[in-house]
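Q: Keeping the supplied structure of chain Z fixed, place chain Y upon it in accordance with the hints.
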Amino acid sequence: MTFNASALIADFPILSRTIRDGKRLVYLDSGATSQKPAEVIEAESNFYRRHNAAVHRGAHQLAEEATDAYEGARSIVADFLRAEVNEVIFTKSATESLNLVAYAMGNAQAGNRFHLTSGDEIVVTEMEHHANLIPWQQLAARTGATLKWFEVTPEGRLDLSDIDSIITPKTKVVALTHQSNVLGTINPLPEIVKRAHAVGAYVVLDACQSVPHMPINVKELKVDFLTFSGHKAVGPTGVGVLWGREELLNELPPFLTGGSMIENVTMTSATWAQAPKRFEAGVPNMAQAVGLGAALTYLKRIGMDQIFAHEKELTKYGMSALLEIPDLSIVGPTDLEMRGGTLSFTVGDIHPHDLGQFLDSQGIAVRTGHHCAWPLTRKLGVPATTRASFYLYNTTADVDALVDGIKSAQKYFG
Amino acid sequence: MQLDNLYQEVILDHYKNPQHKKLSPTYDAQVHHINPSCGDEITLNVTLSGQTVADVSWDGVGCSISQASVSILSDLVLGKTLAQAQEISDSFMGLMQSKGTQTGDENLLEDAVALAGVSQYPARIKCALLGWMAFKDASVQALAKNM
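Quick note, the sequences are listed as chains Z and Y, same order. Positions in the first sequence are counted from 1; adding 45 to them yields the working numbering. Positions in the second sequence are counted from 1; adding 7 to them yields the working numbering.
Looking at chain Z on its own, in the form it has when it is part of the complex (with noise of 0.2 angstroms):
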């Protein structure tokens, strides 16, 4: 099949609508959530309108049917991963996955291969998005770990010089992100992931930025956890993902405790289920789970090699129209090798509130801020940034519409 976004526009509906007076709606804000195609809508409420009961309970048909479609959804996200279907854990949001790991290390006594103390030392990057930073900076602080991190190069790469002094034998966990939600900055991974193995650390990816763009195979990646949401994947809010190595996650206590989640209660005792029922407790959200493996299984439709080339496209055709734009600045790497299609900047003088609510009026959608990551944008000295970030459906006349937007805007605030 030929990739075509222009054709692809057709499957999702809400790109047919118009906004602010009329206006074709040039959706660029794909980083903070992805639009959805009216297949994974119908997959959703379809669960509603004909299976909807509490998985894994009940004796009656239409548990069996939400059990069946629920678990049928875990199996599309274990073989989009190239994972073991007991490896796939269904949560709220990427955020909570990653508040799982740190919890539930936090979590772990004396003895248990996760059990952090005050000699231990968690690594994260410069380019965290706070939901990677803040469980870890917190975890540290609860256990008396030392947070330690990577710096990130003027060009938006990670500084690796120093590697060996980051990642030591007192490394216990290193979290990062695959791509960075901010620069677009596709992340070493051989080199850290090796390193952090060497000293017996796990490795915590934040594939938000990645999963739902290129092909992931967790087996070649060789982290040992990785998280993503379900809304940035064309799938529905309310459903993230955690996969970890199958005998890791067995060894994890649990983060959340309740129904579901168990293997035997007494009144002061209980033990735990295997994965993935261990991090599962209480009814899921299962409708949302459901539109999640229908949006998965129209990504793979398309194909993720198909899907990584025409947003590299888009940003190589990107990159070269937003630098020939007088007084604007990329903030991040400028060369496209690893690197996503988000292109964060800034316009001379105009803020990027202003330049948001500019383009806005003209119908284009884009992200402005710190995009939750506060340090990096501190350590790269802006305070704040306009971002557009591409997925499958933008075309160049989305990016043409973008930098008339910005030379218009250039003419208001000038």
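Accuracy of the hints is not assured; some may be wrong.
Claimed, not checked - Okay, derived cross-link-like pairs now, BS3-like style, lysine-lysine, Cα gap no bigger than 27 angstroms in a straight line:
no.: 1; chain 1: Z; residue 1: 424; chain 2: Y; residue 2: 87
no.: 2; chain 1: Y; residue 1: 29; chain 2: Z; residue 2: 424
no.: 3; chain 1: Z; residue 1: 264; chain 2: Z; residue 2: 345
Simulated from the structure, these hints should not be mistaken for lab results.
A: Relative to the frame of chain Z, chain Y by itself:
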């Protein structure tokens, strides 16, 4: 264009030529307020003479709305009593929450009525209020200090 309701000339003038944007060396209270969702920051100094606002000065980074709003506020409250400043502030809050249904009391709010359009853009109201919240905080602290 509807956007012109938001970006009135008065606002862009204050943005380009902000008033009282130089922190005074002395003050009764200094506050630092941040808008956590967008990163706008402001430091604001207040000096009182009895119940009167003797000096207001500030420094900050942010969008045109937040910066123009604090510039306008500084002009407005300087030389006023705290009671008058409170009345102005209450009136401005009401205007910001009016969802575009009010134009503002020009006798009381002067240049601040130019910010009326902000009330139609819910995401920007916090920008317009940043400096006003800082002033409120600083004046309470200054009053407490002088008591």
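Q: Decide, hint by hint, whether the structure agrees.
A: Going through the hints against the structure:
1. Proximity of residue 424 of chain Z to residue 87 of chain Y is assessed by CA-CA distance (about 40 angstroms); at most 27 angstroms being required, the pair is judged violated.
2. Proximity of residue 29 of chain Y to residue 424 of chain Z is assessed by CA-CA distance (about 25 angstroms); at most 27 angstroms being required, the pair is judged to hold.
3. With a CA separation close to 18 angstroms, the supplied pair residue 264 of chain Z and residue 345 of chain Z stays within the 27 angstroms bound.
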